[in-house]
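Colleague: These are the residues of each chain, in order.
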Amino acid sequence: MFANFAQRRNLYYLISASVIVPGIIAMIYSTIVFGSPVCLSIDFQGGSLFLVKFNGPATETAIREVYARFDQSPTVQQLGDPAENRWQIRAGDLTPEQQVAIREALEAEIAPIDTDQSTFDTVSPAIGSEVTLAAILAVVAAGVIILGFIWLAFRRVPHAGRYGVCAIAAMLHDVLVTMGVMSILGIFFGWEVDALFLTALLTVVGWSVQDTIVVFDRIRENLPKHRHESYEMVVNRSVLETLHRSLATQLNAIFVMVAILLFGGLTIKEFIAILLIGLTSGTYSSIFNAVPLLVSWEKGELPFTRRREATA
Amino acid sequence: MTLFPLIWLIASLAALGVVIIIRPSRHVTWLVIILSLTAFAVWCDLPDNPGIRLDLNGDGTYEIDKPIAIRQGLDLAGGLKVLLEADLPPGQEPPAGAMAEVRRIVSDRIDSLGALEPVVQQQGARRLIVELPGYQDPERAVSLIRSTALLEFVEFPYPIPAGTVVQTDYVRGAGAQPGEAAVTESSTPTVEATATAERGAASEAAPSEQEATPTPEAPVYHTVMTGEVLATADVTVDRATGSPEVAFTLTSEGATLFAEYTSAHVGDYLGIVLDGVVISSPQIQSAITGGQGVIKGNFDLESATQLATQLRYGALPVPLRVDSTSTVGPTLGQISVQQSIRAGLIGIAVVLIFLLVYYRLLGVPATLALVIFAVLNFALYKLVPITMTLPAITGFLISVGTAVDGNILIFERMKEELRHGKRLGVAVETGFDRAWVSIRDSNISTIIICVVLFLFGTSFGAAAVRGFAVTLALGLVINLFTAVVATRTFLHFILLPVQEQALTTRRWLLGV
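From first to last, the protein sequence lines are chains A and B.
Mapping of the first sequence onto the numbering used here: position 10 corresponds to residue 151, and the numbering continues sequentially without gaps.
Mapping of the second sequence onto the numbering used here: position 464 corresponds to residue 512, and the numbering continues sequentially without gaps.
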């Protein structure tokens, strides 16, 4: 199927770039317009988020008027079937007293709220910035630890460091794809980055590295067995040998996630959708980025970072 | 069913004994271990599991009483969650042990809200998480939690009528450093006071009503000590007048302080101030050395009881502010969890079908192993117990994916070996041995991610992440057992009765 798999590496880099570049443009646009590369939820910047189900019709204007009396100009969005009267209202940080006062005003002026099916969240800005810092730390820490782990696992292979760097490059590829897609979804559909998104991102990182390790592991095993073959051929052989596994595993992950997307609870659908995109990217990048990068490196095609710019 | 743990223990020990004596093959030994673990896990998974209760000495009380039940998180059960933080100037840490004390007091207070199984957890050095399942009113909960009811004993130059709002030099929460805040606060009023005085002098001819009730510069009174030194507070009745009053006793530290102060200030006035409002300003008749005292005021029985309660529970050593609140409607969580569990089951069913179709005979042990994987996981969730939240359930589903990946790695390797013309037995052994390295390395890297996620979820306000990390990591560890050991054992027994020749000619049975 891919008899000359590694030869087409420039094509693979190009495919990656075609996803990442729009994502980066979206992030730049988002930073200029909204002040952050992705649409941040109250988890990271503080504020209040009400997911309200009214027992009667409501309008955006009516909701805004109630909030205006508390000096708030909320972002109001209707969710799901309009007949269900579900609304999502985002505003600044509220004290518990204000929160209750707004709830009472909404009930008095619009319609009774079905509290059984509503959620009310507030996060102070201080906590938000702390969570942001922790999130950045978590991603950086995960990257550094995994680089160390791969270097340790591959220390007997010639150029052990290369494997670590290529795995990290593939990982960065997946982080960029996920963030970029999230940024685009944020601009067009208001999808927000919350603590769960970070969970998805780190799961993608884990998955990407896991996938890359499986392929690298086969290269590690094949190198001494096929000494007469060129590096490129050994790499080719290793990818082909692990291809079935990669596809079967990806397929199973898709089964589970599509099931949740179709039948699962409302609250985790965005999370699962992002996970699906990230995991697909993870499988792609381990085969089509990490491995070709190794070949490019071996052939001296990237003594400087010229070639890697295309992917990262 | 209550006797199951005992029966299980005896049966398992007996089986272990037999295994040690007759020393069967490795596969039989593993099969015994797997069956024993699975039996116990299935028992744990029963929806109406009675828990482990053992009455060792027959006195009617249980020496061992371990409930085995699913603990639902707030997002599933519905309820109120509040994150509180010590309201101190930045950089200032609460005194050692103070937050633990706050935690205890807050626990006492929220008991009166009647929430089912409320949880109060200290998080880090200055935060407190309060979870009230089934409770919906954040305002009431927070005002109850935060009613700090700061009691101060204040040095007054003359009696001040009850109800007057006074300023003291005690800076709330700053403990023993009133200096800075007091200076910045008094600097502006001084200027104002001068201005008022000048205006007063200029308009002396026509003194206004306002100046008759003078508050030109609020005097700042010295706080001798605060409610922190209170040990108890109760309502008593004055024998002479019959009016209710609040009697208090002090801690030994407080008693010393009180004795020293009162003996040096006989004849002075000692104001009792609650949250800045004067309750009473009695004169110190004599040195009070016993560490006991009485607050007299214009009380009826109700207000006296309220004050005593506030003093008893209200002596929060550290003031709190609200960092985040989250109220989840109970139905929303229920619907969400039911849908997600159903979705997960559908997903897993599809995966099992895939394994059976794609790997045929090999799929059978993998399917069995996966079912055992789920049974073991669920049992551990109930045993530990791990709080089930939506992220936690998702973590489990991701770990199912990894578990399947383990089997796929092994089977693909086996098929490869078979294609290279190896004999079945050899192919099976090689498949497991070679795949093991990949499974180990890739699982370790994901476990590292879980540790990072867990730390991220522990130390900061992103607790949702923690449940995900725990169930995922647990799944990975169990997977190392089920995907490798259990599958190998089952495969051995399934291939045992099958003629090797039969499989070699009917390779489609293995999906090769």
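Derived by calculation from the structure, the hints in this document are not laboratory data.
For each residue, glycine too, the CB sits at the ideal point set by N, CA and C.
A few of these clues could be false.
Capping the alpha-carbon separation at 30 Å, the derived lysine-lysine pairs in DSS-like fashion look like this [said to hold, decoys possible]: (1) B:LYS430 x A:LYS366; (2) B:LYS114 x A:LYS366; (3) A:LYS410 x B:LYS430; (4) B:LYS463 x B:LYS114; (5) A:LYS366 x A:LYS440.
Every beta carbon over 10 Å from chain B, so not counted as near; a handful from chain A, in silico [to be verified]: (6) ASN145; (7) SER177; (8) CYS180; (9) GLY197; (10) GLY221; (11) ARG231; (12) THR260; (13) ALA275; (14) ARG297; (15) HIS300; (16) GLY302; (17) PHE329; (18) PHE330; (19) LEU364; (20) ILE409; (21) ILE413.
Colleague: At 10 Å, judged by beta carbons, does THR260 of chain A keep clear of chain B as stated?
Modeller: 5 Å, violated
Colleague: Against chain B, does GLY197 of chain A hold up as non-interface, every C-beta pair farther apart than 10 Å?
Modeller: Given that every Cβ of chain B is farther than 10 Å from that of GLY197 of chain A, nearest at about 17 Å, it holds.
Colleague: Taking the shortest Cβ-to-Cβ distance between PHE329 of chain A and chain B, state whether it exceeds 10 Å.
Modeller: 25 Å, holds
Colleague: Hey, LYS430 of chain B versus LYS366 of chain A, does the alpha-carbon distance stay inside 30 Å?
Modeller: Answer violated: LYS430 of chain B to LYS366 of chain A is near 48 Å, above 30 Å.
Colleague: Is the hinted pair LYS410 of chain A and LYS430 of chain B satisfied, with a Cα-Cα distance of at most 30 Å?
Modeller: 26 Å, holds
Colleague: For ALA275 of chain A, is the shortest beta carbon distance to chain B beyond 10 Å?
Modeller: Not fine: 4 Å to the nearest Cβ puts ALA275 of chain A too close to chain B.
Colleague: Minimum C-beta separation from SER177 of chain A to chain B exceeding 10 Å: can you confirm that?
Modeller: 17 Å, holds
Colleague: Would you mind confirming whether the straight-line C-alpha gap from LYS366 of chain A to LYS440 of chain A stays at or under 30 Å?
Modeller: Holds: LYS366 of chain A and LYS440 of chain A sit about 21 Å apart, inside 30 Å.
Colleague: Would the non-interface assignment of ARG297 of chain A survive a Cβ cutoff of 10 Å against chain B?
Modeller: Correct as stated: the minimum Cβ-Cβ distance to chain B is 12 Å, above 10 Å.
Colleague: Does the no-contact call for ASN145 of chain A survive, Cβ to all of chain B over 10 Å?
Modeller: 21 Å, holds
Colleague: Verify this label for me: PHE330 of chain A is non-interface relative to chain B, using a Cβ-Cβ cutoff of 10 Å.
Modeller: 20 Å, holds
Colleague: Does ILE409 of chain A clear chain B by more than 10 Å, comparing its Cβ with all Cβ atoms of that chain?
Modeller: ILE409 of chain A not clear of chain B: closest Cβ-Cβ about 5 Å, inside 10 Å.
Of the numbered hints stated above, those contradicted by the structure are hints 1, 2, 4, 12, 13, 20, 21, listed in ascending order.
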